[in-house]
Amino acid sequence: MKAFLLIIPLCLLMACSKKEDLGNVEDIPGLGGDTWAASPLDKWLHDTLTVPFNIAVKYKWDQFEFELNKTLVPPKEEKIIPVMSAIRQVWMDTYIAEAGALFFKKYCPKYFILSGSASWNENGTITLGTAEGGRKVVLYLVNDFLTKSMEGYKPSDSANVKQMFHVIEHEFGHILHQTVMYPVEFKRICAGFYTGNWNNISDMAARRDGFVTPYAMSAFDEDFVEMVSTMLVEGKQGFDAIVNSIPEGTSINGVTKAEAQSRLRQKEAMVVSYFLTVWHINFYSLQTRTRKEINQLLY
Amino acid sequence: MRNNLICLFFIITGMFACKKETDPLFDKSPDERINDTLARYQQVLTTAPYGWKAFVYPAGVPGSVFGFYFSFSDANRVQMFSDFDAASTGTMRESSWRLKALQQPCLLFDTYSYLHVLSDPDAGQNGGQYGQGLGSDFEFAINGAAGDTVWLTGRFHGSKAILVKATPQDKDNYFQHRINRSVDSISAILTYFHKFTTAGNRYDIRINPYLHQVNFTWISNGKVKQASTGYVYTATGISLMPAFTDSTITINSFDQVKWENGAITFTVNGKPAAIAETVTPLAIDAAAPKRWYQYALQNESYWATYYGFHVNGKDDACGITGLPAYAFLTYYPQIDGPGTSLDLLGFVVKQETGGNVISYGPGYDAPTFTSDGRIIFNDNGLYGNLPADRTAINKTRSLMADPMGFYLVQTSSLTYDMVSARDGKSWINWQGF
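Line by line, the protein sequences are chains A and B. Under numbering that gives the first Met the number 0, think of the first position of the first sequence as 0, with each following residue one higher. Under numbering that gives the first Met the number 0, think of the first position of the second sequence as 0, with each following residue one higher.
The hints are simulated quantities; they were obtained by calculation from the structure and are not laboratory data. The model shown is predicted, which means the values in this text are computed figures rather than measured ones. Glycine included, each C-beta is placed from N, C-alpha and C at the ideal position. Any given hint could be a false lead.
[To be verified] Below 25 angstroms or equal to it, Euclidean Cα-Cα: the simulated DMTMM-like pairs (lysine to aspartate or glutamate) are:
{"id": "1", "chain 1": "B", "residue 1": "K99", "chain 2": "A", "residue 2": "E76"}
{"id": "2", "chain 1": "A", "residue 1": "K147", "chain 2": "B", "residue 2": "D121"}
{"id": "3", "chain 1": "B", "residue 1": "K99", "chain 2": "A", "residue 2": "E221"}
{"id": "4", "chain 1": "A", "residue 1": "K69", "chain 2": "B", "residue 2": "E31"}
{"id": "5", "chain 1": "B", "residue 1": "K159", "chain 2": "B", "residue 2": "D84"}
{"id": "6", "chain 1": "B", "residue 1": "K99", "chain 2": "A", "residue 2": "D220"}
{"id": "7", "chain 1": "B", "residue 1": "K99", "chain 2": "A", "residue 2": "D202"}
{"id": "8", "chain 1": "B", "residue 1": "K99", "chain 2": "A", "residue 2": "D61"}
{"id": "9", "chain 1": "B", "residue 1": "K349", "chain 2": "A", "residue 2": "D202"}
{"id": "10", "chain 1": "A", "residue 1": "K135", "chain 2": "A", "residue 2": "D26"}
[What the hints assert, rightly or not] Coverage of chain B stretches by chain A, computed from C-beta distances (three or more under 8 angstroms per stretch; other residues unrestricted):
{"id": "11", "segment": "27 to 34"}
{"id": "12", "segment": "94 to 100"}
{"id": "13", "segment": "184 to 192"}
{"id": "14", "segment": "276 to 283"}
{"id": "15", "segment": "324 to 335"}
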């Protein structure tokens, strides 16, 4: 019987004595199509964004970067340099000027995906930007990107462009607070008013409850980054105008004008002190720079 | 003895468990073979000396077909023309392409080009549906290549496309701007109905230059027949795909197309042909006016239009969209409820409090239906709180009161076009609910 017990491991050993030739692992052919002849555009993106900041920009079509059931189209090649230059001017250069290149390189999202069209939703609305995990930012409607220096620019085109900056500032705000959390008091300012129904709420109704945008009502974190992005993109003046636009009377939820305005001001103060204490960034100075760049592009 | 046998069994099992050679069915690995296939397609596409003609059939618009010219380079660049509109026919546009194995060998057009215009979810680019466009594709699985042809199927919507090796002539037609778009002048023929005559045959013809579709109506043995086909633009005119055929004639193409003297003239199978204006259609849907009227009546509802009358090629010819707080225009039979006598061409006005209200408009007694399929509206005065400037209302009212009346053409289950029987040059597109 003991012999048996010996034989079985012996068999197993023999069974396993295979020498597998893995072939040349240095050169796996893959499925092809992942490389292409570099164009001047590829070179520009590489030199301007990849080398200094380790940021990749994917403009060639890959449906798997998007929702798989959405009809979308790739961007026009001639739009990519204007879009990325504007982003560099408004978002990158301003943060670098205030917080330094090291800060920016450490925390910036590293992967930009571009879509030529907007993403149309079932309810008739369109999505202009999304982001995932502090790494990937998806920008839509690149094909309609127009600034005042480009032919055919109308003042109404500014909404698209501002929305694009809003998305980026929003996502970068997420990265910052996910790295170091904002003070917990922020969550108490509008406690009880957060709702999953934000998409049915108008801008003005949200403001009357003390939120800067309807989307800010969806969660604490969104509230915080919507504050950051709206304040940066609209500038000090624009934000003051939003606060002052709240009419007399009480909102549906019973918030008075004074309460709503004070909530927005409290949030503003908290954002400013968060940027100063955590990141040593003078928020108002960053705001001035950002808005100045936007003004130069659009007005 | 038994133990020895068992021992032997184990030893043999152990030895054979190690048999390592597998006989591959193919001489190369799947990766290598897919790369070989891609390389072969790459070679096929880039070595066509005069580029490729392409025909794309968007899955979202059955029957439509669009013509393209592609010239692929080895540096992942493609030069392109498309017969989608005049600009894309006249201006070459360069974008990028590549081959990739996405379960199948695929041909990808990976930056925006004329091909993507058909897929753009912004319907403003192509006249399709918002969020869908024309349901076309820009990533294609390669079904196969043989001789001069490559067959493709779209990966997203399943559109079909065919590439055919271009001749020097095909290439020149695009690069030298010889594509003939005279058929587009059909929009300058101001009547609603268009008459197409050739070799003793007469048809009513509708051409949709946006969707590249032609619709024929004719009478055969006393019966009304209809057929639709797609078309692409060529150097001589248009090529019907597939060809149109009835019992007497097969039409592959309209050649030597010209716009002259208010008509489109051309040749069909070498014989002269023309598309010209006509007031009366070949086939009148005599029951349509009653059907149109009864539908609204039975549903206690109305027919609506935004622009009102289109006259002599001009939308909103009466200027009604400029009326104060204008929302839309309705025709409301028996507006005071079933069995009452007043029909109203009701102008709907936006309210400050939100919502819309029918505020004013000309009223009518019950309409007259003629046996030859016309509806005549019997004006009996203006009703409601009229705005100060009544020009647009009066213009609309006088057009409606035409004693010749109107034909009705049902264009879908809930849309009708109401066409003037006097000159065929004014009409309203009605939308039901």
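Violated hints - listed by number, lowest first: Structure breaks hints 3, 4, 6, 7, 10, 13, 14, 15.
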